[in-house]
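There are 2 protein chains.
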Amino acid sequence: MIVRQARNVLRLLEFFAEKKAPATLAEISAAFGWPRSSTYNILTTLSNAGFLYEPRARAGFYPTPRWLQLAQEIAEAEPIPEALTGLIHDLAEGTGETVWISAPSGLHAVMLHVVESRAPVRYAARPGDRVPIHATASGQALLAQMPSRDVDVILRKADYVRYGAGTPMTRAEVLKGLEEGKARGWFASASNYSADLGGVAAPVAMAGRIFAVTVAGPLFRVGDRMEETAKYLIDALAALTPA
Amino acid sequence: MIVRQARNVLRLLEFFAEKKAPATLAEISAAFGWPRSSTYNILTTLSNAGFLYEPRARAGFYPTPRWLQLAQEIAEAEPIPEALTGLIHDLAEGTGETVWISAPSGLHAVMLHVVESRAPVRYAARPGDRVPIHATASGQALLAQMPSRDVDVILRKADYVRYGAGTPMTRAEVLKGLEEGKARGWFASASNYSADLGGVAAPVAMAGRIFAVTVAGPLFRVGDRMEETAKYLIDALAALTPA
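Residue numbers (my numbering), protein chains in the order written: chain A, 1 to 243; chain B, 1 to 243.
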């Protein structure tokens, strides 16, 4: 069950990251369609706890730097290997597409670090975005690194829903894609999850953890270049991790 | 009214910043004394929204880098002047005490940037911490920069509670402290709000906003050195802002 008031805190944080300016009670109430009284209550809760303040008198609320301090402490404790974040910047530059690092989280692959393409039409993604692990190139590059017992559990629980033209619809189809991918060293997706999106992903194990690096973009741009892109990705990873 | 489930999200974020490691549902439920079912619901809400994930199978939840990305976007939009944050690092080094920048927020002064003393016995503070604006050195350094009409409104609404031996208990006492401080250029607190804490604060206006810089520590260390510390603080600020 989703806890509405918890979700609302996250929505407020996203709201301010987007707006990048203070907002008044009336503006926030209008933006979300929340009643004035409950908007007042959530703003008071966040202010009392030191997470919001009023930078200018009567000009509205804005998050304090407390979020940043806590988020930095959290990120420093569980860093993604720096070599890997550096690599995806280079890959984004080299391919012109969006590149990300993901890790498994239950039935999902979750994006930990994202460098977006600068192309006007691009795959827009953010850290924390999740995709079904069984249905995507990122996910399959992660599954390929797991013990088969864990893969079995995941594929038994997975929700075989049709997301796009390329979605694998059965456990057997996923296993087939996994075997093919393992054989060639990379995993492909063409409208598997997001319509008109194509990508290639490769597995990478570092610092005792498993990750996937994915390059993805609109199918019209990447569809014909999958092999080429995969080779570029795999060569970059090989240069990074001593064989 | 405090929204409990909103407050719980903030407590979870603080919990992970402190723990710096993944925590299981059972651990979180035990740490907060939350029922297992409601712990499950809040963890699910945060996971579904991309703010938590499970970095290792069955090893528990940890915040994703989404918090950091949003907090960085928020901080970049409303920066504290860099010259000022640099200055408080120097001041903390030079005085050996905790130094912070605060700004007004309604009836409070809120700490925006804090450099803690390295002394084992020190004033421990974090961004987002709030103190009553009328009762503290930080607050009075802020009030001193406001139009008297705004000061009047604040002092009418203020809650004249006894926090410590030095708390000003009436509007007249606050105004007297304000006048004295304005005359000498700095504001003092000795057990005004926190027992056994002393500090000096100075006003500073930058980038169209008003701030206060405060140096504070245990009274046994700073009590006899207030004038000296205030002079050090004011000289540093004078070097920063062209007169």
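Please keep in mind that the hints were generated in silico from the structure rather than gathered at the bench.
As the structure is a prediction and not an experimental result, all values here were calculated from the model.
Hints are not guaranteed to be accurate.
[Said to hold, decoys possible] Which stretches of chain B does chain A cover? Using the computed rule of at least three CB atoms under 8 Å from a CB of chain A, they are:
id: 1; segment: 9 to 16
id: 2; segment: 33 to 45
id: 3; segment: 101 to 109
id: 4; segment: 128 to 138
id: 5; segment: 180 to 192
[What the hints assert, rightly or not] Below, a sample of chain A positions facing chain B; criterion: calculated Cβ distance under 10 Å:
id: 6; residue: Lys20
id: 7; residue: Tyr53
id: 8; residue: Thr64
id: 9; residue: Met111
id: 10; residue: Gly128
id: 11; residue: Met146
Cβ atoms here follow ideal geometry from the backbone N, Cα and C, with glycine treated the same way.
Right, here's what the structure says about each hint:
no. : hint       : verdict
1   : 9 to 16    : holds (count 5)
2   : 33 to 45   : holds (count 5)
3   : 101 to 109 : holds (count 5)
4   : 128 to 138 : holds (count 3)
5   : 180 to 192 : violated (count 0)
6   : Lys20      : 3 Å, holds
7   : Tyr53      : 4 Å, holds
8   : Thr64      : 4 Å, holds
9   : Met111     : 8 Å, holds
10  : Gly128     : 3 Å, holds
11  : Met146     : 8 Å, holds
Of the numbered hints stated above, the single one contradicted by the structure is hint 5.
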